[in-house]
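Using the hints, build the complex out of the two chains.
Spelled out from the first residue to the last, the chains are:
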Amino acid sequence: MSAAIEPRSQRFTAPAVVIGALVGAVTVALVVMLWSLVATVVGGMVTTMPIGEALILGVLLGAFTGVVRGRRDTPVALAVGGGLLLALAYLALRAFRPLGLDAVQPIWGVVFAFVALGLAGFLVRYALRDLDLRRARRDVIERVIVRLLRGFGFAFFFVIILFPFWYMLSASLKTRAAMLRDPANLAIEFGLGAQTLLRGYWEVLFTFDFVRFIGNSALVATVTMVVTLIMAVLGAYAVTRLAFPGRTFLSRSILLIYMFPAIVLVIPLYAVFTQLGLRNTLPGLLIVYPATTIPVALYMLRSYFQTLPRDLEEAGLIDGCTRAQVIWRITLPLSMPAIASVGLYVFMIAWNEFLFAFMFLDSPAIFTLPRGMVMLDSQEVPRQYLMAGAMIITLPIMLLFFWFEKFLVGGLTAGGVKG
Amino acid sequence: MPARRRSLSAREARLAYVMLAPTFAVILLIVLFPVLLNVWISFKPVTLADLRAPAPVVNERAMEQPDAVGDELVLRLTMRNSSQRVPLHDVRWRKTLPPGLELERVDARCSQDGRVLTCRFGDWEGGHRETFELVFGAGAAYFDAGAPDVRAAPTEVRAQAENILTNFVFTLDNYRRIIAGPDFWSTLRITLAYTFFSSVGSILLGLFAAQLLNSSFRGQAFLRGLFLFPYVAPVIAVAFVWAFFLDPFSGTVNALGQRWDLMSEPISFLGQRSIGVSLFGLSFGFPLALATVIAFSSWNYFPFAFLFLLARLQAVPADMYEAADVDGAGPFQKFWFITLPNLAGVLAVLFLLRFMFLINKFEDIFLLTGGAAGTRNLPVLIYDEAFGRADIGAGSAVAMILFLVLLLFLFVYYRFAPETER
Numbered sequence: 001m002s003a004a005i006e007p008r009s010q011r012f013t014a015p016a017v018v019i020g021a022l023v024g025a026v027t028v029a030l031v032v033m034l035w036s037l038v039a040t041v042v043g044g045m046v047t048t049m050p051i052g053e054a055l056i057l058g059v060l061l062g063a064f065t066g067v068v069r070g071r072r073d074t075p076v077a078l079a080v081g082g083g084l085l086l087a088l089a090y091l092a093l094r095a096f097r098p099l100g101l102d103a104v105q106p107i108w109g110v111v112f113a114f115v116a117l118g119l120a121g122f123l124v125r126y127a128l129r130d131l132d133l134r135r136a137r138r139d140v141i142e143r144v145i146v147r148l149l150r151g152f153g154f155a156f157f158f159v160i161i162l163f164p165f166w167y168m169l170s171a172s173l174k175t176r177a178a179m180l181r182d183p184a185n186l187a188i189e190f191g192l193g194a195q196t197l198l199r200g201y202w203e204v205l206f207t208f209d210f211v212r213f214i215g216n217s218a219l220v221a222t223v224t225m226v227v228t229l230i231m232a233v234l235g236a237y238a239v240t241r242l243a244f245p246g247r248t249f250l251s252r253s254i255l256l257i258y259m260f261p262a263i264v265l266v267i268p269l270y271a272v273f274t275q276l277g278l279r280n281t282l283p284g285l286l287i288v289y290p291a292t293t294i295p296v297a298l299y300m301l302r303s304y305f306q307t308l309p310r311d312l313e314e315a316g317l318i319d320g321c322t323r324a325q326v327i328w329r330i331t332l333p334l335s336m337p338a339i340a341s342v343g344l345y346v347f348m349i350a351w352n353e354f355l356f357a358f359m360f361l362d363s364p365a366i367f368t369l370p371r372g373m374v375m376l377d378s379q380e381v382p383r384q385y386l387m388a389g390a391m392i393i394t395l396p397i398m399l400l401f402f403w404f405e406k407f408l409v410g411g412l413t414a415g416g417v418k419g
Numbered sequence: 001m002p003a004r005r006r007s008l009s010a011r012e013a014r015l016a017y018v019m020l021a022p023t024f025a026v027i028l029l030i031v032l033f034p035v036l037l038n039v040w041i042s043f044k045p046v047t048l049a050d051l052r053a054p055a056p057v058v059n060e061r062a063m064e065q066p067d068a069v070g071d072e073l074v075l076r077l078t079m080r081n082s083s084q085r086v087p088l089h090d091v092r093w094r095k096t097l098p099p100g101l102e103l104e105r106v107d108a109r110c111s112q113d114g115r116v117l118t119c120r121f122g123d124w125e126g127g128h129r130e131t132f133e134l135v136f137g138a139g140a141a142y143f144d145a146g147a148p149d150v151r152a153a154p155t156e157v158r159a160q161a162e163n164i165l166t167n168f169v170f171t172l173d174n175y176r177r178i179i180a181g182p183d184f185w186s187t188l189r190i191t192l193a194y195t196f197f198s199s200v201g202s203i204l205l206g207l208f209a210a211q212l213l214n215s216s217f218r219g220q221a222f223l224r225g226l227f228l229f230p231y232v233a234p235v236i237a238v239a240f241v242w243a244f245f246l247d248p249f250s251g252t253v254n255a256l257g258q259r260w261d262l263m264s265e266p267i268s269f270l271g272q273r274s275i276g277v278s279l280f281g282l283s284f285g286f287p288l289a290l291a292t293v294i295a296f297s298s299w300n301y302f303p304f305a306f307l308f309l310l311a312r313l314q315a316v317p318a319d320m321y322e323a324a325d326v327d328g329a330g331p332f333q334k335f336w337f338i339t340l341p342n343l344a345g346v347l348a349v350l351f352l353l354r355f356m357f358l359i360n361k362f363e364d365i366f367l368l369t370g371g372a373a374g375t376r377n378l379p380v381l382i383y384d385e386a387f388g389r390a391d392i393g394a395g396s397a398v399a400m401i402l403f404l405v406l407l408l409f410l411f412v413y414y415r416f417a418p419e420t421e422r
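Chains A and B supply the protein sequences, listed in that same order.
Residue 1 is where the first sequence starts when you use our numbering, and the numbers rise one by one after that.
Residue 1 is where the second sequence starts when you use our numbering, and the numbers rise one by one after that.
In case anyone wonders, no lab produced these hints; they're calculated from the structure.
No residue lacks a Cβ here, since even glycine has one placed at the ideal position from N, Cα and C.
Be a bit skeptical, because a hint or two may be false.
Under 8 Å between C-beta atoms, here's a sample of chain B residues computed to sit facing chain A [unchecked claim]:
1) Ala13
2) Tyr17
3) Thr23
4) Val31
5) Arg52
6) Val169
7) Ala209
8) Phe227
9) Ala237
10) Leu246
11) Ser250
12) Gly251
13) Gly388
14) Ala399
15) Leu402
16) Leu404
Here are the computed lysine to aspartate or glutamate pairs in the EDC-like style, where the Cα-Cα straight-line distance is at most 16 Å [to be verified]:
17) B:Lys334 <-> B:Asp319
18) B:Lys334 <-> A:Glu142
19) B:Lys334 <-> B:Glu322
20) B:Lys334 <-> A:Asp139
Anything over 12 Å on all C-beta distances counts as not near chain A; from chain B, calculated [claimed, not checked]:
21) Glu64
22) Ala68
23) Val116
24) Cys119
25) Glu130
26) Gly139
27) Ala372
Just chain B, with the same shape it has in the complex (with noise of 0.2 Å):
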């Protein structure tokens, strides 16, 4: 019976798709269509204040009131457009005025159809900006309804105006400010530079803290509870403890120092680009304000690497070291000549994972120096082209050229990572 057995297996597919659609639609509208819609913005001129949609602002003013049948109403209408840069089109407003109030001097833009007066204003240019005063003779119904107030009677202003995100307006200017501005290629540099050492750092120490637990002792689960705390742990709380405990002033690290003569006067380690240090000999600048920051990411990430290594190095086998034993091989040679080609594939997958992370990682630098000091990343730029100079555009652009850098390394991963680790 093919045909049944068809529209089984159209029934499991439908039912799959129907328990997958949420989260379809989650990430076609969350991540895909934002990423898509970034492309999109980083070719446009686009800055903060232009999000918020221009709209034309009309403000009602009685200018004389009727007191009795025959009188007239002076309405007042001073009138704006909210946008400095983006016109509005066909402009109109209405009112439904209350009952016995005629229009006495006829603007050609007005008319009225009953009770219901519209005024078409046209097209208003970026800062327009107009008064204008409508006229109106009482009638006896006016009284009648109790001479209500002419302002508090529903009233609809309406207008179109380009949507600055659906408009067909592009520009390269975004991509050319960027990557001619003066920090552009520094940040990258210091991008790079980093995600690297933070990268490694965090391993290194994973990789000792694992070689430390790596065997059964008493405590051994607490003791891994333990060195997860880093990573557990809000940034934005640890970030803080560290810029505090760091600081020059009032900060722990440093009073210490002193107090045991580790350093002749207080060290700014988050606010002091570099540092002379002199080697052998040689001297040159030590960039300290980055190589603190790359210590906190390394301490920061430093359990994801030791827990995924410790995994691994319980899945060695015990016989190879048994078998180095006999063989006489010292812990040096034993650590180079088993543990670490043990440990290669997953070296470098966790590499190339904690690169992938760390090179988009905004809140680790933002709350320890905001950018300063030489430790400026490519997140930080964003930030600070997008928000801190309001120009969306820019900050798009930025987060495009970021982006093609971690699609660059995703194809590497995605390329070399074994089957069984993605």
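Only chain A is shown next, with the shape it has when bound in the complex (with noise of 0.2 Å):
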């Protein structure tokens, strides 16, 4: 309501229109290009990437939105409204060929038109909102360039983190003639049935027997948790309640000893277990994974039993508890999340470990789903049964990882130092 009272002279300006123009231009060439990527990579569609067309369609809308702004901002209707005009200007201009798509597809090309028009429309104004722009202030065109930055910056982390875990997916999916025939197009083909799709994981779960490692990945994981567990809580219960000599120091070394290199220690540790026939077992691992995984997890302990009151536990001495009764019934309950969150962390980590599991495993009875992974890098493996495998891998840390998203988030700040 404001603006229709502004005085006629305060509406244009020439920084608004400048600021406009160029804010527009990025905003349109952001969203060609996003679109641009999904609708090949997630669509299949054959694109092109007209940067060109969209920096101009850009400028015109952006310069559009700076010259019908009111005082502060553009009114919703007319920017959004303005990004619609000019999709129907550029589809009648080019004879319905739509943006951003080599072949004529006249829904989703006019659509897109539209969406991405109207959408950069809305954008454009939400980059100038609630600013100043009669004249080209430096903290003006400062702000201006923070919100584009963060504009881009979502863009770009979605792409970096997205694509290749959609890329897993899909390639998990897609047989290695379809991938040859077009590497780009990575839409999954639901019309070919469940049985071809999922042929990879068939395969790879059955014949080579990741059923099996799944089990052995499991196996090794949990006890690797447990064992942790234990004696990191009896290492951080005395580290931060007893008093005993060298206590300081050892407080201090703990992190130090993580930082021990596991490529330092896989020659010597793969020479005497080679002589002590403990090489190509599961046992061999399971003595060197809570090994590397204690030192971490006692540090992360120690930190959260900091900072739990000791009151309760002296109340609890007092009151004629052991220390085991202590530690079972007070302290145990009190520290259940960051347990929680140490044990995920341990966890994942063995599950994910690559370079013991390589050097240790020969026989693939005992294969660990990493090791089991390097078993199917051959020629004569296709890439679909990989990725299959790479997603069998993935999938369960992800689906465990979103579901105790707090606890892990807690975790590894207050002691996240993996390598």
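Below, the structure is given as structure tokens:
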């Protein structure tokens, strides 16, 4: 409403038009690039990357948004409407050849042209909202740049995070021939039916015996988690609650021990385990894994125990509980969140562990999943199977992680020092 | 009652040691002992084949079977040293014979005591082979027992050999060979470049991500979870994914790049050591494969920096920004003069932590390139020497060099990291 009573002279300001045009160019270019990427790798369409056209459209749209500005804002309807009109004009000029699509795919192309430019109008307005653009003041320009960077940042991180995982999923459902025919097309062809789509999973699980590897990995990770937790709880309790000579030194060297690199330990352990006959065995792996996770688990639990009040434990001791009872009845229940997060973290490390599994395990009967993945890495095995294997090893840990995300984030920040 | 108090504190200390004992034991055995053993091995000429202890191998064959009392039984022993290099000492072969067999032709090295036959073959050089026949006369008791197969009778073969790991043969050749090797210095340079740029890359990405999510909006927690994906996923899975979508022939990135006219011909991101780039009239070789590996590691580990920086950002007092607003500071000034100084400590610690982890990183490079195309770092060199060339001693020597570099950085970390961040 306030825009209506603004003097006309204040509406048409050169800075608003220029800044609007620049913002529009960047915004439309980003939207079109994202569209082309998504339409190709998710939709399986044949796309072009019309950066030049996008920039021109963006300048027009942005300048328009700047022109129709009130004192601090462009009305939403005007911004979006401008985008839609521009889309119509574009389609009319190009004889309904859609934006960013190589072939004429009328429905998607037309829909996209409207959606993209309407959305771009909205975003340009959003990037310029609540700013006084009558003069190109430095802080105003900085704020515009920051808003553009935010938009770019979200797009960038979405792409770099989601693309690899989408590739993994899509490639696990594609035959070698389909992959070679059009490597850019990562659309899932649901029309093929579940049996064709899931063939890689079937082969990997049953022919390559991943069912067994899942069991081995689950066993190794669970035992590592339990052993680590027991030892780390005892150790962290001793370090935080009991006085003994060498306590400070020990407390400080825990993390130092964790910094000792696995790659330096692997040769001597290989040598000794070979001579002891422990090398190609799961117990051998189960000796090594807790040793690599105990220091960090102890460190994380120590940090948590330090925040717990001692009064309750002391009351328990005065009431005649033994230390064991105090730990079991008071300390453990109080630190359940920390124990859960440390446990998950250790489980994740053991589940993902590659180096020792790769060096120690030779017999397929005792392979863990990462070791099994290496077995799939050969010329004769289609990539589809490898990607199915990757999905099988990634999915459980992702599900666990999403389920317990809050715990894990707490744990990672508390002591988070994974390599 | 000082005596009683002392006994109380002594009891407490004892309890503490008991509770810490398993941890101590595991860390001593699996971490500290191997590190010391690594020092030891790095000065010894050990190959992969030496790790299996040498042993005498004895095959028995019955050449003649007796048919009646008084006939001869001839047993031929084909013997060898399983190792080509390591001598065996005091080789003994002992057999509990079936009843009724008497040694007929007496060899000086063998003696029979009742039914127990013992042969002492003395010392065998590496690769030693020997064939040896024992001739027995069969008595009635042998046939009474049903003429049992003499080879099935309980046998024991023993010898003493120096354990390659416990003897006192030392050499400096491992170090000499590694340091004088053609690639050592370039490997060291690549290691440092990979470590430095991956650390910086992951921290910059993490800083950017933390800035994006450092405001409360709906879905912030969800996005935080999403941003941790690269870090939580098993490296073996995501490394294969990267290798596949960067593939020059069937990779998505090259297909898209060519379709959109961003590149004229496929680029082998992980297979090409160097790519010509001309910038402002200057042309130089850009280490493509190394840069790709660095991009992968930055991607893989940015969530680690992101989490730490986000936690620290949320602890920056809001009134500092409010004061800056009053003073009319722009967002860049606020970032430069408030945010960065507040993050400086965490950034420094993060850099050191990441540096120390990445300098030991084996999987990333091993899985992506296997150390080819100018990406071999020290951890991959350890693997190549110890298991590729089967030279355990040389591998250990590289591991020691890596460990010394790491110790240097650990020292810096403990010297400069503030107490609270340790």
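How the hints compare with the structure:
1. For Ala13 (chain B), the suggested interface contact is upheld, since its CB lies about 4 Å from the closest CB of chain A, less than 8 Å.
2. For Tyr17 (chain B), the suggested interface contact is upheld, since its CB lies about 7 Å from the closest CB of chain A, less than 8 Å.
3. Contact between Thr23 (chain B) and chain A, as hinted, is supported at the beta carbon level, the nearest pair being about 4 Å apart and thus within 8 Å.
4. Interface restraint check: Val31 (chain B) against chain A, minimum CB-CB distance 5 Å, threshold 8 Å, status holds.
5. Annotation: Arg52 (chain B) was flagged as interfacial toward chain A, and the flag holds, the nearest CB pair being 7 Å apart, inside 8 Å.
6. Interface hint at Val169 (chain B): violated, since its Cβ lies 15 Å from the closest Cβ of chain A, which is beyond the 8 Å cut-off.
7. Of the supplied interface hints, the one on Ala209 (chain B) holds, with its beta-carbon coming within about 6 Å of a beta-carbon of chain A, less than 8 Å.
8. Of the supplied interface hints, the one on Phe227 (chain B) holds, with its beta-carbon coming within about 7 Å of a beta-carbon of chain A, less than 8 Å.
9. Interface restraint check for Ala237 (chain B): the shortest CB-CB distance to chain A comes to about 4 Å, inside 8 Å, so the restraint holds.
10. With a cut of 8 Å, the hint placing Leu246 (chain B) at the interface with chain A is violated, because the nearest CB-to-CB distance is about 10 Å.
11. For Ser250 (chain B), the interface hint holds, the least distance from its beta-carbon to any beta-carbon of chain A being 5 Å, beneath 8 Å.
12. Annotation: interface hint on Gly251 (chain B) holds; nearest CB of chain A at approximately 6 Å, less than 8 Å.
13. Taking 8 Å as the C-beta cut-off, the interface hint given for Gly388 (chain B) is violated, the closest approach to chain A being about 13 Å.
14. For Ala399 (chain B), the suggested interface contact is upheld, since its CB lies about 5 Å from the closest CB of chain A, less than 8 Å.
15. Residue-level restraint check for Leu402 (chain B) holds (minimum Cβ-Cβ distance to chain A is 7 Å; threshold 8 Å).
16. Hint status for Leu404 (chain B) relative to chain A: violated, with the closest Cβ pair at about 10 Å, above 8 Å.
17. Between Lys334 (chain B) and Asp319 (chain B) the CA atoms are separated by roughly 12 Å; this keeps the pair inside 16 Å, and the hint holds.
18. Between Lys334 (chain B) and Glu142 (chain A) the alpha-carbon distance is near 11 Å, which keeps this suggested pair within the 16 Å criterion.
19. For the suggested pair Lys334 (chain B) and Glu322 (chain B), the alpha carbons sit about 10 Å apart, so the restraint of at most 16 Å is met.
20. Our distance criterion of 16 Å between C-alpha atoms is met by Lys334 (chain B) and Asp139 (chain A), whose separation comes to about 11 Å.
21. For Glu64 (chain B), the non-interface assignment is confirmed: its Cβ lies about 39 Å from the closest Cβ of chain A, beyond the 12 Å cut-off.
22. Every C-beta of chain A lies more than 12 Å from that of Ala68 (chain B), the closest at about 47 Å, which supports listing it as non-interface.
23. With a cut of 12 Å on Cβ distances, Val116 (chain B) stays outside the contact zone with chain A, its closest approach being about 29 Å.
24. At the 12 Å boundary, the C-beta of Cys119 (chain B) stays outside the reach of chain A, the nearest C-beta of that chain being 27 Å off.
25. The Cβ of Glu130 (chain B) sits about 26 Å from the closest Cβ of chain A, beyond the 12 Å cut-off, so the non-interface label holds.
26. The non-interface label for Gly139 (chain B) is consistent with chain A: the shortest C-beta to C-beta separation is roughly 42 Å, beyond 12 Å.
27. Separation of Ala372 (chain B) from chain A is adequate, the least Cβ-Cβ distance of about 15 Å exceeding the 12 Å criterion.
Hint compliance for this structure: hints 6, 10, 13 and 16 are broken, all remaining hints hold.
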